[in-house]
Amino acid sequence: MSFVTGVGLTSFGKHEGSSSLDLMSKAAELAISDAGLKRADIDGILCGYSTVSPHIMLATVFAEHFGIRPSYAHAVQVGGATGLAMTMLAHHLVDAGVAKHVLVVGGENRLTGQSRDASIQALAQVGNPDYEVPLGPTIPAYYGLVATRYMHEYGVTEADLAEFAVLMRKHALMHPGAQFHDPITVADVMASKPVAMPLKLLDCCPVSDGGAAFVISREAIAERQVRIRGCAQAHTHQHVTAAPGLSELGAEISIAKAKQASGIGIADVRYAAVYDSFTITLAMLLEDLGLAKRGEAAACVRAGHFNQDGEMPLNTHGGLLSYGHCGVGGAMAHLVETHLQMTGRASNRQVRDASIALLHGDGGVLSSHVSMFLERVR
Amino acid sequence: MSACSWSACDERTNRRLDQGRGSDRLPGLRRLRRAAIFPPQFCAACGSSDLTEHRASGAGTVYATSLVCRAATPETRAHVPYNIVLVDTDEGFRMMAHGDNDLGIGDKVTARFTQFVGRLVPYFAKAK
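Note that the protein sequences, when read in sequence, are chains A and B. Okay, so the first sequence: first residue is 32 according to our numbering, each after it adds one. Okay, so the second sequence: first residue is 3 according to our numbering, each after it adds one.
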């Protein structure tokens, strides 16, 4: 058994002068204090990576900086799925008795620590170095390829995709820590600058500075108890050229295994936290996970289904698209927000019922997937 | 392990595209899609290293496209917009390439090579 006992999240956007370690420390401090623990109570550390400050041993660099001597520590790299992959590992570590309290942390000064070009270029390297990268693709282009195919097969339109950007922005307006605070419309998304068609600027998440952390513990600490019910992964390919057909992608595999591991079905889910690097990512994953019927996710958005007061509140902090994306910490914000919702601490964003939540992360180009169910025990 | 009995392992890439040596041949393992990208010392489907080299015809069908309008480097920026395409070749493998800006999914195409940022890259145009 394992519990998410504390969460911490910085604002996303510009943190001028903060290093990756600074942002990781800030989030870690918040998470440990949220759990009611002291640094010395942490006996395991899992951290992500920083493209701004790469290091072969980031977890111990962080542990030394933060003042912890853990009995278990290393970094994890699964692209955008890293946050949930670390949480899954922490779940198994505490369950196996390897550690009592594992600190999971990610943070990066990706916006102010490097140029936008450097950031785009670093990310494009997930492409194959021989057969993709020399063609000058970008991450939006990899997802643009997936998008044109998805739109072709399921009749989804650019205006449909725009709905997801508008929804995430609407949610971000309710969170003071979000990177963006101006409302947008479908027309704004459609008129935004083309990046890699069909994806335009407002279909893409921004580059941000920020950090996020949680504590995963063997036993519940506070009165509010959020338990990890079950989780699973799937890895079908690395490069988009080698991706299987749209009906065989990893999200469907990992969610099926997570359902089996947890005994929870989609009908039980009350809150959803789904990876949303681009509008197409969110549209596809919602449908792959079974949170919307094939080709109908946008119609669900229009009908208010994923609103704060809808049947399936989704990414109420604004997601990667509007809260922001600081690398590993980006999708960890989804879990932080989920925890706040599950424990009734989401203030003006609070939903009626978040007793069971589904989280899903995606790394690479829909390459690596982690699905996870959280349950409020009391 | 016995030699792969499936035609997947029948072919191998003749030349890595990034070396830009101007080959008129395309990478060609029959193992679907994996072919174009894995340096084929072995078949990724069965592990066999008993591979033979074949020449790809250059004919294929567009699987997906994305017109890049925002590039990441000054060198590639000079070329925008350029169309990144995934093509399913008639030989059965999928590959990434450049293509005409007006290519659509399902279009029949043929390959040639073109210069892009100091290298030769595969380029597809509509089949005549």
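Mixed in with the good hints there might be a few duds.
What the hints assert, rightly or not - Using C-beta positions, here's what the derived DEER-type ranges look like: (1) B:G120 / A:G67: 41 to 49 Å; (2) A:A127 / B:P76: 44 to 52 Å; (3) A:Y103 / B:G108: 46 to 54 Å; (4) A:R147 / B:D52: 46 to 54 Å; (5) A:R147 / B:R57: 40 to 48 Å; (6) B:G106 / A:S278: 17 to 25 Å; (7) B:T75 / A:E250: 46 to 54 Å; (8) A:S84 / B:K130: 51 to 59 Å; (9) A:A292 / B:Q43: 32 to 40 Å; (10) A:M32 / B:T75: 47 to 55 Å; (11) A:Q108 / B:G108: 35 to 43 Å; (12) B:G120 / A:K224: 26 to 34 Å.
What the hints assert, rightly or not - Quick list of in silico lysine to aspartate or glutamate cross-link-like pairs, DMTMM-like style, CA-CA up to 25 Å: (13) A:K201 / A:E189; (14) A:K69 / A:D53; (15) A:K224 / B:D92; (16) A:K224 / B:E77; (17) B:K110 / A:D53; (18) B:K128 / A:E184.
None of these hints come from the bench; they were simulated from the model. Positions of the beta carbon are idealized from the N, C-alpha and C atoms, including for glycine.
Taking the hints in turn, this is what the structure says about them:
1. B:G120 / A:G67: 41 to 49 Å: violated (58 Å)
2. A:A127 / B:P76: 44 to 52 Å: holds (50 Å)
3. A:Y103 / B:G108: 46 to 54 Å: holds (52 Å)
4. A:R147 / B:D52: 46 to 54 Å: holds (48 Å)
5. A:R147 / B:R57: 40 to 48 Å: The hint (40 to 48 Å, Cβ to Cβ) holds, given that R147 of chain A and R57 of chain B are roughly 42 Å apart.
6. B:G106 / A:S278: 17 to 25 Å: 21 Å Cβ-Cβ, so the 17 to 25 Å window holds.
7. B:T75 / A:E250: 46 to 54 Å: holds (51 Å)
8. A:S84 / B:K130: 51 to 59 Å: holds (52 Å)
9. A:A292 / B:Q43: 32 to 40 Å: With a Cβ separation near 37 Å, A292 of chain A and Q43 of chain B satisfy 32 to 40 Å, so the hint holds.
10. A:M32 / B:T75: 47 to 55 Å: holds (49 Å)
11. A:Q108 / B:G108: 35 to 43 Å: holds (37 Å)
12. B:G120 / A:K224: 26 to 34 Å: With a Cβ separation near 27 Å, G120 of chain B and K224 of chain A satisfy 26 to 34 Å, so the hint holds.
13. A:K201 / A:E189: holds (19 Å)
14. A:K69 / A:D53: At roughly 18 Å apart (the allowed maximum being 25 Å), D53 of chain A and K69 of chain A satisfy the hint.
15. A:K224 / B:D92: Not satisfied, since the Cα-Cα distance of roughly 36 Å exceeds 25 Å.
16. A:K224 / B:E77: Holds, at about 20 Å.
17. B:K110 / A:D53: violated (53 Å)
18. B:K128 / A:E184: Holds, because 21 Å separates the two Cα atoms, which is no more than 25 Å.
Going through the hint list in order, the structure does not satisfy hints 1, 15 and 17.
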